[in-house]
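Listed here are the chains, written in short residue letters.
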Amino acid sequence: MTEPRAADARPNTLRRTRAGKQSLARRYAAERRFRSYGLLAIGFALLSLALLLGSIIHRGLPAFIHHEVRLELHFDPVLLGIERATAPEAFAFADCEALLRASLQSFFPEARERRARRELFALLSAGAGFELCATLAAQPALLGSRGARSLPLSSDADRYFKGEVNAALPESERRLSDRQLAWLDALAAAGRIERRFAMRFFTGGDSREPELAGVLGALVGSFWTLLVTLLLSFPVGVAAAVYLEEFAPKGRLIDLVEVNINNLAAVPSIVFGLLGLAVFLNFFGLPRSVPLVGGMVLALMTLPTVIIASRSALLAVPPSIREAALGVGASPLQVVMHHVLPLALPGILTGAIIGMARALGETAPLLMIGMVAFIVDIPGGPLEPASALPVQVFLWADSPERAFEARTSAAILLLLTFLVAMNLTAVLLRSRFERRY
Amino acid sequence: MNRRCASEFVSGLTLALALGFGLASPALARDQIRVVGSSTVFPFATAVAERFGRSTAFRTPVVESTGTGGGLKLFCAGVGLQHPDVSNASRRIKKSEVEQCFANGVREIVEVRIGYDGIVIANSKRARRFELHEEQIFLALAKQVPVAGKLVPNPYRRWRDIVPTLPDFEIEVFGPPPTSGTRDAFVELAMEGGAKKIPLLEALRARDKRAFKALAHAIREDGAYIEAGENDNLIVQKLEANPAALGVFGFSFLDQNGDRLQGSLVGGRTPSFENITSGEYGISRSLYFYIKKAHVGVVPGIVEYLREFTSARAMGEVGYLADKGLIPLPAPELRAQRDAALALTPLSLP
Numbered sequence: 001m002t003e004p005r006a007a008d009a010r011p012n013t014l015r016r017t018r019a020g021k022q023s024l025a026r027r028y029a030a031e032r033r034f035r036s037y038g039l040l041a042i043g044f045a046l047l048s049l050a051l052l053l054g055s056i057i058h059r060g061l062p063a064f065i066h067h068e069v070r071l072e073l074h075f076d077p078v079l080l081g082i083e084r085a086t087a088p089e090a091f092a093f094a095d096c097e098a099l100l101r102a103s104l105q106s107f108f109p110e111a112r113e114r115r116a117r118r119e120l121f122a123l124l125s126a127g128a129g130f131e132l133c134a135t136l137a138a139q140p141a142l143l144g145s146r147g148a149r150s151l152p153l154s155s156d157a158d159r160y161f162k163g164e165v166n167a168a169l170p171e172s173e174r175r176l177s178d179r180q181l182a183w184l185d186a187l188a189a190a191g192r193i194e195r196r197f198a199m200r201f202f203t204g205g206d207s208r209e210p211e212l213a214g215v216l217g218a219l220v221g222s223f224w225t226l227l228v229t230l231l232l233s234f235p236v237g238v239a240a241a242v243y244l245e246e247f248a249p250k251g252r253l254i255d256l257v258e259v260n261i262n263n264l265a266a267v268p269s270i271v272f273g274l275l276g277l278a279v280f281l282n283f284f285g286l287p288r289s290v291p292l293v294g295g296m297v298l299a300l301m302t303l304p305t306v307i308i309a310s311r312s313a314l315l316a317v318p319p320s321i322r323e324a325a326l327g328v329g330a331s332p333l334q335v336v337m338h339h340v341l342p343l344a345l346p347g348i349l350t351g352a353i354i355g356m357a358r359a360l361g362e363t364a365p366l367l368m369i370g371m372v373a374f375i376v377d378i379p380g381g382p383l384e385p386a387s388a389l390p391v392q393v394f395l396w397a398d399s400p401e402r403a404f405e406a407r408t409s410a411a412i413l414l415l416l417t418f419l420v421a422m423n424l425t426a427v428l429l430r431s432r433f434e435r436r437y
Numbered sequence: 438m439n440r441r442c443a444s445e446f447v448s449g450l451t452l453a454l455a456l457g458f459g460l461a462s463p464a465l466a467r468d469q470i471r472v473v474g475s476s477t478v479f480p481f482a483t484a485v486a487e488r489f490g491r492s493t494a495f496r497t498p499v500v501e502s503t504g505t506g507g508g509l510k511l512f513c514a515g516v517g518l519q520h521p522d523v524s525n526a527s528r529r530i531k532k533s534e535v536e537q538c539f540a541n542g543v544r545e546i547v548e549v550r551i552g553y554d555g556i557v558i559a560n561s562k563r564a565r566r567f568e569l570h571e572e573q574i575f576l577a578l579a580k581q582v583p584v585a586g587k588l589v590p591n592p593y594r595r596w597r598d599i600v601p602t603l604p605d606f607e608i609e610v611f612g613p614p615p616t617s618g619t620r621d622a623f624v625e626l627a628m629e630g631g632a633k634k635i636p637l638l639e640a641l642r643a644r645d646k647r648a649f650k651a652l653a654h655a656i657r658e659d660g661a662y663i664e665a666g667e668n669d670n671l672i673v674q675k676l677e678a679n680p681a682a683l684g685v686f687g688f689s690f691l692d693q694n695g696d697r698l699q700g701s702l703v704g705g706r707t708p709s710f711e712n713i714t715s716g717e718y719g720i721s722r723s724l725y726f727y728i729k730k731a732h733v734g735v736v737p738g739i740v741e742y743l744r745e746f747t748s749a750r751a752m753g754e755v756g757y758l759a760d761k762g763l764i765p766l767p768a769p770e771l772r773a774q775r776d777a778a779l780a781l782t783p784l785s786l787p
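In order, the protein sequences belong to chains E and B.
Under this note's numbering, the first residue of the first sequence carries the number 1, and numbering increases by one thereafter.
Under this note's numbering, the first residue of the second sequence carries the number 438, and numbering increases by one thereafter.
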């Protein structure tokens, strides 16, 4: 810079001499190599991501489709074991499976002996009878009438129609016998098999029958948990950040607090679960498996993230704003509440959303406080037992039934969708509202 | 606008604190059965819980998979609604655990045996089926084995080194970690059973039972036995990827994956439903659950849950639990278990 002559002269000597040309070529080659390493790294990352997403989508998509069978039913009160029902409770004890059995039996009259009949009825989902009873309870007028109803097939039969059962294998190595396959083919030939969107996946709670299992219970559980987390960690985190950044006197004590907060952000999440078990459950006597405790544990976990993000957002507000406000006579509290905090809010919200996204994907702390459990009922509030979305993935991944493989991937897809949506919101918030000074 | 922001801030804080501390009291009321315990019994207990919830007016029980030991620890922590009502176990309750229960005021425990679970040693269909004997399982997996009359660290690298008729694969077995009940049972039945068939070790057993147990229960740690976590599906996937490896897991996973895995013969018997029921397949164990009698009548539905679980349509020979992979009890035994359970006959200290 200071010697423009030398800078001008060097390229000439470089280009002219042989050694200069070689060194230049080496430098260009080194740069090209470096760039290609970078491209390779990005390519590798993208490829891994694509492979991961591709395999999850490929495995998960079948879970969104379910096959049902359309059966002609006669809602016979005698067969149901209830005479003219007056109260809806009577349907709870009705033998709805008897209707299904009668209908299937009339379709395949050759299945007479006990074993054959068992195999035949195993084609239907274990939940078909319960679903039928629920329909009857909702519409008691159906009693005595005839009509066709679509009912879920068992997951094994469903997998056959999805082409996941290899009929060429010996009978003993399949979940479906030759006879069952023949019956399913006959039902399909008669146009009784319907391919449907699997609504139950979105409207059902957990179940041990893959075809009935849904994510709603886990979704609602995650909602209550995150609500508690947000209500606890956001105000506390922002208050802590505002105090530390705007009001705290500089000193040893505050330094110590800062170091601790930064350390807490790096503590493995299972530790917070153990803390929750020891403090919230054993000491305060709060109930196990409830979103309230889950939310409290996750709030402890996200608190450092929220504080750190909020502090950096507050730090990004230029001192001139504070000085100007003080200059026109605002009190320190007014400076913070009227000027600094509103300007820092997009950054704070971004941090909070990213903290929430991390909390949404967490299972380890929930394990300790009993939220990793089989819970069928949809939780009605933060004090009812609930699981959470990643817990549902974990539980299904551990289930022996083959059809849960697809459910697991489908639940992962749902979880990823939520995470992407949350992170996208954070990015949008930042790009839309963040100010550059 | 800014003022509102501040006031919202404060109201949010108070709401959060109210949520945190004000609602602590309703913990005392509970109208839902709580089940904890073994991950092996979990698939069966959850199936019963779901049916029970659907077919009765009671709420569906909450079932947690904590492992047998962890479950009994929670179960024995005391009487009261904050403690679970039922604990599942893939082995019988130990004397020390019963004493723990007694010390914490849990005096009457009802034991129910629900059936058997076979432990299978399986590999991928793409490779040859293994025909093993218990002593070969011991020789392949023990930490120390007798060679030429002396105990040495396990020298076997390949299956063929043990017996020439076994395949020429490296010994590589995926199995559960020590925290698992399946591992306990595998070690007690297969490893100990195998060690007993080796004369040198049998002689040791006659002399010093404790030393024999320590030897028979020690699994090698040189990488031939790979702890694959509690997730049996993971083992299934690893076996599919690696046809030369074997896996150790519960029968229900073999039952579901019959198209890609094959169970090895142990002592000339296949791990089939029939062979495990009849007891001809050696590596099988009983499964149990325990009920806290003090909670009967306090938490609604316990007796009804018991009735559903022990009914023939659940635990019976062709019940829905058999569909899930449970090996049912013989009919007379089932009736005896059901009668004892419904009479709430408490366990007496052995």
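Derived from the structure by calculation, the hints contain no laboratory data.
The structure displayed is predicted, hence computed values, not measured ones.
Treat the hints with care, as some may be off.
Unchecked claim - Which residues of chain B face chain E? A partial, calculated answer using Cβ under 7 Å:
#1 499
#2 500
#3 501
#4 561
#5 581
#6 614
#7 616
#8 664
#9 668
#10 690
#11 693
#12 695
Claimed, not checked - Each computed DSSO-like pair below joins lysine-lysine, with the alpha-carbon atoms no more than 27 Å apart:
#13 B/510 x B/532
#14 B/580 x B/510
#15 B/646 x B/587
#16 B/646 x B/675
#17 E/162 x B/675
#18 E/162 x B/510
Glycine residues also receive a C-beta, built at the ideal position from the N, C-alpha and C atoms.
Here's how the hints hold up against the structure:
no., hint, verdict
1, 499, "holds (5 Å)"
2, 500, "holds (4 Å)"
3, 501, "holds (4 Å)"
4, 561, "violated (13 Å)"
5, 581, "violated (33 Å)"
6, 614, "violated (14 Å)"
7, 616, "violated (13 Å)"
8, 664, "violated (16 Å)"
9, 668, "holds (5 Å)"
10, 690, "holds (5 Å)"
11, 693, "holds (5 Å)"
12, 695, "holds (4 Å)"
13, B/510 x B/532, "holds (13 Å)"
14, B/580 x B/510, "violated (30 Å)"
15, B/646 x B/587, "holds (18 Å)"
16, B/646 x B/675, "violated (37 Å)"
17, E/162 x B/675, "holds (24 Å)"
18, E/162 x B/510, "violated (44 Å)"
Of the hints listed earlier, those the structure fails to meet are numbers 4, 5, 6, 7, 8, 14, 16 and 18, in rising order.
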